[in-house]
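Trainee: Below are the chains, spelled out letter by letter.
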Amino acid sequence: MSISGLQLDREQLLEAYRRMRTIRVFEETVREEFEAGRMPGFVHLYAGEEAVAVGVCMHLDDADRIVSTHRGHGHCIAKGVEVPGMMKELHARRDGVCHGKGGSMHIADLDRGMMGANAIVGAGAPLACGAALAAKTLGTGKVGVSFLGDGAANQGAVLESLNLASIWSLPVVFVFENNGYAESTASSWAIAGGEVVRRAEAFAMPGYSVDGTDFFAVFDAMGQAIDRARRGEGPSLIEARTVRFFGHHEGDSQTYRGTNEVESARADRDCLVRFRERVLGAKVLDPAGLDAEDTAITTMVANALAAARAAPPPEPGDLTADVYVSY
Amino acid sequence: MSISGLQLDREQLLEAYRRMRTIRVFEETVREEFEAGRMPGFVHLYAGEEAVAVGVCMHLDDADRIVSTHRGHGHCIAKGVEVPGMMKELHARRDGVCHGKGGSMHIADLDRGMMGANAIVGAGAPLACGAALAAKTLGTGKVGVSFLGDGAANQGAVLESLNLASIWSLPVVFVFENNGYAESTASSWAIAGGEVVRRAEAFAMPGYSVDGTDFFAVFDAMGQAIDRARRGEGPSLIEARTVRFFGHHEGDSQTYRGTNEVESARADRDCLVRFRERVLGAKVLDPAGLDAEDTAITTMVANALAAARAAPPPEPGDLTADVYVSY
Amino acid sequence: MARIRTTRDALNEALHQEMERDPSIVAIGLDIAGGTGSAGEQDAWGGANGVTRGLWRRFGPARVLDTPISETAYLGTAVGAAASGLRPVVELMYNDFIGVCFDQLMNQAAKFRYMFGGKARTPVVVRTAFGAGFRAGAQHSQSLHALFTHVPGLKCVIPSNPYDAKGLLMAAIRDDDPVVFLEHQALYDNKGAVPEEPYAIPFAEASIVREGTDVTVVATGRMVQMAAQAVTRLAADGIECELIDPRTTSPLDTDSILESIESTGRLVVVDEGAPRCGFAADVAALAATEAFGALRAPVQMVTPPHTPVPFAPELEDLYIPDPDRIAAAVHASVRAGR
Amino acid sequence: MARIRTTRDALNEALHQEMERDPSIVAIGLDIAGGTGSAGEQDAWGGANGVTRGLWRRFGPARVLDTPISETAYLGTAVGAAASGLRPVVELMYNDFIGVCFDQLMNQAAKFRYMFGGKARTPVVVRTAFGAGFRAGAQHSQSLHALFTHVPGLKCVIPSNPYDAKGLLMAAIRDDDPVVFLEHQALYDNKGAVPEEPYAIPFAEASIVREGTDVTVVATGRMVQMAAQAVTRLAADGIECELIDPRTTSPLDTDSILESIESTGRLVVVDEGAPRCGFAADVAALAATEAFGALRAPVQMVTPPHTPVPFAPELEDLYIPDPDRIAAAVHASVRAGR
Ligand SMILES: Cc1ncc(C[n+]2csc(CCOP(=O)(O)OP(=O)(O)O)c2C)c(N)n1
Ligand SMILES: Cc1ncc(C[n+]2csc(CCOP(=O)(O)OP(=O)(O)O)c2C)c(N)n1
Ligand SMILES: [Mg+2]
Ligand SMILES: [Mg+2]
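Protein chains in written order, with this note's numbering: chain A, 7 to 333; chain B, 7 to 333; chain C, 106 to 443; chain D, 106 to 443.
Hints in this document: simulated from the structure, not taken from any laboratory. Treat the hints with care, as some may be off.
What the hints assert, rightly or not - Computed Cβ-Cβ distance ranges for the label pairs, DEER-style:
hint	chain 1	residue 1	chain 2	residue 2	range
1	B	GLY200	A	GLY238	17 to 23 Å
2	B	GLU321	D	GLY165	52 to 58 Å
3	A	GLY43	D	PRO303	44 to 50 Å
Bear in mind the structure is a predicted one, so any value in this text is a computation, not a measurement. Cβ atoms here follow ideal geometry from the backbone N, Cα and C, with glycine treated the same way.
Pulled out of the complex, with its shape left as it was, chain A reads as follows (with noise of 0.2 Å):
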């Protein structure tokens, strides 16, 4: 039986606030990086959403697989992927985790069960169901999870998955992360019927809509799909609505977004913050501990900052190697 996020000891619980405080300080770094101009490419940042990632993660260990997006920071370092090599990954550095040539987009990290962002919407479906059946072959009893963004909810890669999985009962778990956009686009008007969480019916799986912003909604719905994966009975889906604090990419302008919807999610719908209160409130954790690990979280980013700016880029012969493991 799965245990409730409330019934996590303390150690869990601060695990658990390190990793999401550690996102948001990783994303406001490579924020400023980015703007400063000091890092390449594109980056989208999860700042905003990170009880959905660390509610799923914290069932997880390095054995367990997860097929992220384009938006993949907050699930790599909810897996347990390293945030040196994360950040020199991108600013594209030769020891970065991927070696510089993945970026933001493709980060991974298979050591830590990361199968890589994915920069094709709704492509990493199937490919969780592949580490579902990878495990289920192999009797690992391991669980294979799919991160995806509301968009992707109307992408054939994903609809197709959902069914392949029900019938071939998959250990394996859809988490939707509906922060109301794709892009510029409302979730609510691009999903037909409004909710990701209609679908997970109609492939016969069960499906779970949770607020994302709350560590410990997530935390038990997870906890209910995994165990029903690791029972052998299939899949599920969880919809956990969120809300994105950045723009889609940064660069975009969000003129699509409503009055003050930004400020008005940041003051009421933080996710740090309302776990902060919810331990605080519950006396299992104190004030001062969460303060000491955002002072040591700060400067653990800031060190890989550092080091990532200060380390050296690929070397000429990197572009033609690791195409294929032999050719």
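Given the coordinates of chain A, assemble chains B, C and D with the ligands onto it according to the supplied hints.
Mentor: Below, chains B, C and D with the ligands alone, put in the same frame as chain A:
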């Protein structure tokens, strides 16, 4: 408001019967011709499913458009494509309806609003949405109809189309012919939840599950769907449970089917027999009249066959003709 | 005085003018208006690259359709609509996304006319961004024109400057066949003279960017710029290159290429696509089969290596053919000559 | 005495032997068992072409998985599973269906290793039927190996006879990279010697089907048969062709081709794919860039025209390169020689 099939007048009922019987005779003729090795390519026969195509197409005229499947002969005939041109096409003759370049799997007749059989399962769904979009944009009041097999219900193209049609309120009807199998694979297994119609709800459109061997049931459901489409309210989904009298394609040994499955379906679920019983019982049509139709149809198809056999093949220059409008 | 515009604006103008002229043209794509269903501004994006900006305001939601992220459904809808009397112009945000929807182009749009015995017309345009240089990584940087050129029934257009962008897009929209229209990401902000009045540039008419008698250089898209820099430099060294931009890879103006080779005897093909079965190989094969007698040196292909596009700027810059490599290839061609 | 088997049986044997050897191999595809969920016989089909027959009985439903008609989902699942420790062998019924699922190959499987800095292995094999001749029309008859060869990160294998079919499939399954394995529809019933014991044929090793010094003829798949007929006939006329079957188009054994051209000075490439940016052009380009000095005549490409595959037998037979056209090309090559 739609009229019910039982309200159709004598001539309309006779026309429905004529189309269904024509399909049956056509398919049986094609089967013999194919078995005798006189017809090239692959053929997928529609015998047993006639009431679906005809129940749907009795609502349509030449300016409404249908997109068919690999099992397209029935849809053609139901939509008014002429048998001689079809028979020639299947024989790869130069004056076949596609000049011998399409064949059974790509038979089309745009003048009759038949946008083609399609050898890619599910590919027709977006195309039918396109016909619907054209009707909507040009304000013609016409509709698009996508015929699909049960197997197509799991194809991304189809699932995406359900969503798109719904949110764009396209005047399109998705008609799923659930004949129990996709090739040798049972639809009850391949479709999570067992039924296609559940997906209507997920994509926020009305769904109808009807006995596809009952012309009147199909006709009535289609009546409602098309009314909705013509009122500009959007798409509908019809799942017609039907039966395939022959193999998936000619040559299929069908060992995967249950003992006596086909025999008992032929005995109890023959849509032509059922239609006949119904109209004779209600005394709208008389047996002699129907028999006379049967004879006329048999002769017409035989003539078409003879003409097709005698017709000349394409000419060498046709090989490179009509790739582009201009190049 | 010449009217100077960016490629983006030239494309935008072509769309406006054509949609004004022909009410059967509709525009379809992700965020091509933007803000649909949202609380804030509608028409907020004008497409990921801003090419369709203003269309929604001008032509309204019936003709400018935002879509869910369902490339197969909306591309297929456009194809079906094209076969039913509309002239849809679809935006596929990046050509890399063709992987999720190629069927509707390669098996449907491209083949209708032939399969249906010449009875179908499918005037659909698929506009799509392509090309490397933006540190966008392996899935947003490809140059996939070889795939489109390979498929009989498709046409493939690659403008290299704002003037051509406008004229070729107009031609594509007026064309009665399915056309893939490739817009290089790095050229959107590129400026050049663009007349205000509508004009269409016929397909299969290469543009001779520079005349020369020593070496024929063929390049498309952004590679035209790279090659132009190289040949200017080479001219200073006394090597006169004829730089040809085919502008459409299908149909291809083989005559212009062959005539040039007849006069120069040397060919360098520059292409941003992958080398194997790519467009560079296609032109090299054309020369080897049709202009062999005139060739006086090995054909030189300047392409990226057979690798995905790397993220790191240092690697991506090495990946993309540049003026140095092009000049080196021209030198090699001249040296090897007989 | 040689053990004679069809290509179908050779492939089937390779699958059986490899799955026996390595429990991490799973087979996935439409009706590859057949009858799943039905009232009658299970394992009723063994795939649309009967290649996987018996696997389900031998290895059971956990390793032989029938699928719904969801190519993206099951191909993608195979790719994800390959990156997670299995070695899936997927059947894509016809290569024409790649249009609905190319993304999982071209953007995912092919790029993982590179994008992830060399840390991924994706040992997935996609077996797929291809080729014309069955009057199956434009959507079930294509030869799309150029698409696969074009994409860096994929390997592409095309056996032309039962012996190679078995050995190359074994090699493909043992290979650690994503491999597209193309089975020509018209060759399934083709017979030849096939040893019982397992053996793997290395990639990038062309087979010299016939030695000769006058003209190099390169052909793959069914075209090897067509070319073999042509060269036998030509030998009677005193023209000795060297017939090379590359067996894998990616990686390509360029050395064997180039060496042969060095000795013959003449090249005829026969290919069933479409001509533009196709494999014939690729080999022609190889010659024009790397063997120009040795070439004594224009390269000849023998391919179908730039059209979809027609349904009518009379047209399809004209479409497919045949021994007459190949022989004519060889004659043209010899005549044009210097
Ligand atoms: C197949 C495909 N289509 C379009 C895009 C362009 N694109 C990148 S992110 C994105 C929006 C995704 O929205 P959502 O799934 O809700 O995720 P979010 O960005 O909100 O996290 C789009 C359309 C893409 N990368 N892949
Ligand atoms: C994309 C694609 N996948 C697979 C096939 C091969 N195929 C042809 S028909 C068919 C079964 C279709 O079943 P269903 O949709 O139920 O239609 P039915 O044959 O029963 O009328 C399959 C798998 C195909 N043509 N296209
Ligand atoms: Mg979103
Ligand atoms: Mg069926």
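Trainee: If a hint holds in the structure, say so; if it doesn't, say that too.
Mentor: Results of checking the hints against the structure:
1. Against the hinted window of 17 to 23 Å, the Cβ-Cβ separation of GLY200 (chain B) and GLY238 (chain A) comes to about 20 Å, which satisfies the hint.
2. At roughly 54 Å, the beta carbons of GLU321 (chain B) and GLY165 (chain D) sit within the given window of 52 to 58 Å.
3. Between GLY43 (chain A) and PRO303 (chain D) the beta carbon distance is about 57 Å. The supplied range of 44 to 50 Å is therefore violated.
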